[in-house]
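Engineer: Listed here are the chains, written in short residue letters.
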Amino acid sequence: MFVPLLVLRNAFRHKLRTTLTVVGIIVAITAFGLLRTIVDAWYAGANASSAARLVTRSSVSLVFLLPLNYAPKIRQVPGVESVAWANWFGGVYIDERNFFAQFAISPSYLDLYPEFVLKDAERKAFLADRVGALAGRKLADKYGWKIGDQIPLRGTIYPGTWTFTLRGIYDGAEEGTDTSTFFFHFDYLNEAIKRQFPRRADQAGVFIEQLRNPEDAAAVSAAIDATFRNSLAETLTETEKAFQLGFVAMSEAILLAIQAVSYVVIVIIMAVMANTMAMTARERYGEYATFKALGFGNGFVAMLIFAESLGIALFGGLLGVAFTFPMAELFASTVGSILSGFRISEETIVMQLVAALVIGVVAAAVPAWNAARVRIVDGLRAIG
Amino acid sequence: MTEPRAADSGIGIETHVHPGTAIDVQPRLVEIRGLSKYYVRGDQVIPVLVDIDLVIDAGEFIALMGPSGSGKSTLLNLIAGIDKPSSGEILVGGVDIATLSDADLALWRASHIGFIFQFYNLMPVLTAFGNVELPLQLTSLSRSERRERVETALALVGLSDRATHLPNELSGGQQQRVAIARALITDPTLIVADEPTGDLDRTTAEEILALLERLNDEIGKTIIMVTHDPKAAEKAHRLVHLEKGVLAD
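These protein sequence lines are chains A and B, in that order. Residues in the first sequence are numbered consecutively from 3, following our numbering. Residues in the second sequence are numbered consecutively from 15, following our numbering.
One chain only, chain A, in its complex shape (with noise of 0.2 Å):
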């Protein structure tokens, strides 16, 4: 209990030192832990994507539309077991800021997507009503939603305003499941776009196929594609994780620095720390000197270092931890449904632990080697 206790006593000898000192690896750890959240939720997408499912698209860009004749070709392509297919609406619900993803489906659509659940009763009123709409629970509490409710959306690739009955709100099988999407029919969409633009009509944004056998996936991929080389519209075919991936390459760069910002927050406080550690050592040397004329070893200064740069960084990664359960709350409720699947993993906290017990150890590593090679002599002319 003595070197606890010492150890305790020492650290907060200075109170103010030391709570500027916590405070900054709390931020620093909350920081860390945020950053690296928000590149996990970038990735959510594609970690959460099944290995046997396939997403078509036209090969030029995701732009560009797909003849709805090609549902039954691909049907037939060997290894394919179901197809599905969906639009992206890209409507706005009353206020630009209040963005979330918006897809218009087909009936199958469910069928490819277990994940997503949904009462029966709901999933048949959403099938029988062609205005009906899903929508996932996360998106449906932040606007108080219920089902029955009526959504108004107003198009921007689809002008107009297009209003939705709530039939059905889902949940996700997993803790990783995407519950901030709102579905509607396909048909709905494409009878008004017969009327108001008919050569728009009967095209798909993404044709989504379930594979017989996931390992499949490059074979069936390959046969799709060569289904529709050399004609009008040819086809990309990938794995739904590849398709993913490929959202997330667009903003790599960034991520690649909000990667790296994250480390260098923890390289700045493990230099605030150390700098700490060395002033906090550098005033003890009498005392260390003490201690080793008194028979006390060279280690156990190091360790007395040791210990209470570790305690004191490990008092301030908890804290730091625990912090940023709130501030990700915050976050997410700031960012809306822009990214989805925004939550603090295990290993993120892992690492934030880690990264604050990294903080103690290199902090003290040169005062405690310094500390440990003083000679008793010259420390003890440090005092008085």
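It is possible that some hints are incorrect.
As the list claims (entries may be wrong) - Distance windows between CB atoms, simulated:
#1 A:Val-352 / B:Asp-57: 27 to 37 Å
#2 B:Asp-57 / A:Leu-320: 32 to 42 Å
#3 A:Val-5 / B:Ala-169: 51 to 61 Å
As the list claims (entries may be wrong) - Computed far set for chain A versus chain B, every beta-carbon distance over 12 Å:
#4 Leu-7
#5 Asp-143
#6 Arg-345
If you're looking for bench data, these hints aren't it; they were derived computationally from the structure. All residues carry an ideal CB built from backbone N, CA and C; glycine is no exception.
With chain A's structure known, arrange chain B on it following the hints.
Structural biologist: Chain B in isolation, oriented as in the chain A frame:
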């Protein structure tokens, strides 16, 4: 020659007391032969101690005196094992401490040397009790055994009622008494005091010196004290003068 007798120092450990005056022939506790200490600054060799020969008997109270820079503190440090000589022998209780490794020297100091510093050198975050207990943390004594000895030591120096006080809650004299209790707690072979009254007023200094005198007379502790103060030196059995690193007659 009278036989030394075992006595209880009051801390629960037997000590040997020499019953008579300094003229009794007693075992040599400290033997210094040809001791020299030099510092090297670049290509300059600075002698601090030159060819010192000195014998200190068990139970003696020695005052090391001399002008500033005469090497008295250096000699004390060498005897106490917190510095190493450039050449020569230092035998304390028959052990040539100049040949011990740093680790062995630390262990030796823990058992054989009690330190009293000019500025007390107490740990500011430990109470008087905790400071006195500090050397016992290196022993295998149980918590209750340590407690008993600390309480005895504090009682010996008259600070039982200050056990829970931090150093900054004690006067200079009280802090020095805590330091003396700490110096005694392991029943060391030798007590070394470097200007123990240097930071105290006259009255308090007298109290401290009286305590040291008592430790020497009643418990038989061998004390080597560096001092500038002639009044402090009067308490000693023998004065050893140093000038420019050599013993003066």
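Engineer: Just double-check A:Asp-143 for me: nearest Cβ-Cβ distance to chain B has to come out over 12 Å.
Structural biologist: Check passes; 52 Å lies beyond 12 Å.
Engineer: Mind checking the hinted window 51 to 61 Å against the Cβ distance between A:Val-5 and B:Ala-169?
Structural biologist: Given about 27 Å between the Cβ atoms, the range is violated.
Engineer: Are all C-beta atoms of chain B more than 12 Å from that of A:Leu-7?
Structural biologist: Contrary to the label, A:Leu-7 does not stay out of reach of chain B, its closest Cβ about 8 Å off (not over 12 Å).
Engineer: Kindly confirm whether 27 to 37 Å is satisfied by the beta carbon distance between A:Val-352 and B:Asp-57.
Structural biologist: 56 Å, violated
Engineer: Okay, B:Asp-57 versus A:Leu-320 on CB: inside 32 to 42 Å?
Structural biologist: 55 Å, violated
Engineer: Confirm or reject the statement that A:Arg-345 sits farther than 12 Å, beta carbon to beta carbon, from all of chain B.
Structural biologist: 43 Å, holds
Hint compliance for this structure: hints 1, 2, 3, 4 are not met, and every other hint is.
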